[in-house]
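Trainee: Using the sequences and the accompanying hints, generate a full structural model.
Quick mapping for you: the protein sequence lines, in order, are chains S and P.
Letter 257 of the first sequence, counting from 1, is numbered 257 in the working numbering, and no numbers are missing.
Letter 181 of the second sequence, counting from 1, is numbered 181 in the working numbering, and no numbers are missing.
In short, the hints are calculated from the structure, not lab data.
Don't be surprised by glycine CBs; every beta carbon is placed ideally from N, CA and C.
Among the hints, a few may not be true.
To be verified - Quick list of simulated restraints, FRET-style, between CB atoms:
#, chain 1, residue 1, chain 2, residue 2, range
1, P, G208, S, I109, 52 to 62 Å
2, P, H280, S, Y88, 31 to 41 Å
3, S, Y88, P, S188, 35 to 45 Å
To be verified - Footprint (simulated), chain S over chain P, 3 or more residues, beta carbon under 8 Å:
#, segment
4, 102-114
5, 249-258
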Amino acid sequence: MQTALSIAMDALAYGMALFIICIGLSLTMGLMRVVNLAHGAFAMIGGYIASYAARDLGLGYAFGIILAMIGTVIIAVPLERLLYRRIYDRSELSQVLMTIGITFCVIGITNYFFGPTLKTIPLPAELARSVDLGFRSIAGHRLFVIASGLVVAGGLWFLIERTGFGIHLRAAVENAPMARALGIRTEIIYAASFALAIGLAAFGGVVGAEFLPIEPYYALRYMVTFLVVVSVGGAGSIPGALAACLLLGAIDVTARYLVPDFGNFFFYLAVILVVCAFPRGLMGRAQ
Amino acid sequence: MPATPSASRTLGRDLLGLALIALAGLAGYWLFPDNLAFLTRVISVALLVLSLDLIVGYCGVASLGQGALYGAGAYAAGIACINGVTDPVLLILIGGGAGATMGLLMGAIMLRAHALPQLVLSIAIVQLLHEAANKASSITGGSDGLSGMSPAPLFGIFEFDLWGRSAYLFGLGLLLIVFAVLRFVTRSPFGMVCRGLKEDPLRISALGIYAFPVLLKMFVISGAVAGMGGALAAIATQVVGLDSVSFEISANALVMLVLGGIGHLYGALIGTVIFMALEHIVAAINPFHWMTLVGAVLIAIVLFAPRGLSGTLDELARLLTRDRWRAGR
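Mentor: Here it is in structure tokens:
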């Protein structure tokens, strides 16, 4: 019972960390129709910035998160203008290739500046100690990740479904020329949602660093995981991404606890079964 | 199909192309006698990239899991060799058969989905096989790799020696045969239907052709080619590692194909040779510089040369000849 509970807690926290990172990718893929394999690279950049700020400059965890999000967006916006804008209408293969290219460049350059070692992000005392929930105690950091995931999910749902920006975004996705004709500046909408997605990636990279450690090959190692999760959930759907992250996170964590020598076998088996049963993802829309 | 007036000319061009490949291969044999093991690996990977071209370039099915087919061939040949089947030609056929079987399986799964989920399925399949090969270490050797195979001399005469001369020439011969067959396959009505399915699936189905069996057939052919590539690697290096069935080799194969040019058999060869030669040189200096370089090249190709090197060369040649033709008038 005790084991089952701790597995469930770990699975929930891991799923939420995955969700924070992947929801940005789900938005770029579902709403902007760009297969951005470099998403993990931006999460990695966020992790490096936070590690530099919190560990080397001693600025603290909260400040590290904020700096990571701002810094990553500052790096990403010129890339959107120069590179991504040119592949919005191109085939999936071109998008995959260019974003793999960006990932490789980010890995090479990051390693050149920061070296090939693992980067840690020191947790503040409040998150490092465990919290007593009455029936059992849980690491404060896990609780923080779960709460952050819920806040991100709720906030995004509100932003897309209930605000003026969300209406403009959905209009631009549905029919870009018509949206432009109605006076919506689609380039700005696209750039803003891209920046939002990247900011979330950086945030997820920092808070998820306990599960997915920050190192130079991060972008490549988890690229497949992120892509798989988004496509299982159905690109562009917030509940779908949440369901996929919790499901696959649970399978991954449980398999690692119970049958560790099988590695990712059950994770990918689940992926194949889900994609075969739901070719558009759990909650994907018909195109 | 009506015979085009240029049929004899294309035959001549094919023969010329084959002769050029043979010449380039033999030149490599004379120029780099100390690097024959590496050159054999290039040939083996070239077969993998050719097989990927059949799926991506001729059918328009994006795949990041071609390593599954390559690895199936490599492991099948390796296991057969350890269990007493040592004739190299037979081993290649076993590898091709295993690859074709895996191609049938993989195609049957992948063709259920489209676009992005299809790409994800291909990745999931190769990762699944990677984990399975790692776990089944009593058969595959696990992360230590499968070793201890000693193939018999080729045709009973040519030993697979330390310098890898016979392995290289054997590989070159295999590549020429496969290339000639693929040239024929892609030109056949079947190959044309595949191209049609890539360009305009709706129109092809309006002609009364059901896409699934056609694409599945191409998957099987592609699997056979990739499997032979894997078997060649197993025979030449006498080791089969887990890296032969990995996402990395699949992604690299796609990069090589794009570099050379999708939808051209020659493009697949050019891309493989250039990529692997550069990797051989730059990665030896600093692997991270190599990653940055590959990344920059990929971005440049997507932006400036979407048809790859061979496509761009084609275009240049066409421009030049057209200008000359105009000047001649």
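Trainee: It remains to establish, for every hint, whether it holds in the given structure.
Mentor: For each hint, the structure was consulted:
Remark: the range hint 52 to 62 Å for P:G208 to S:I109 is upheld by a beta-carbon distance near 53 Å. The hinted window of 31 to 41 Å between P:H280 and S:Y88 holds, with their beta carbons roughly 36 Å apart. Remark: the range hint 35 to 45 Å for S:Y88 to P:S188 is upheld by a beta-carbon distance near 37 Å. Beta-carbon proximity to chain S at under 8 Å applies to 4 residues in the segment 102-114 of chain P; the threshold of 3 is reached and the given coverage holds.
Counting residues of the segment 249-258 of chain P whose C-beta lies closer than 8 Å to any C-beta of chain S gives 4; at least three are required, and the coverage claim holds.
Every hint from the earlier list agrees with this structure, and none is contradicted.
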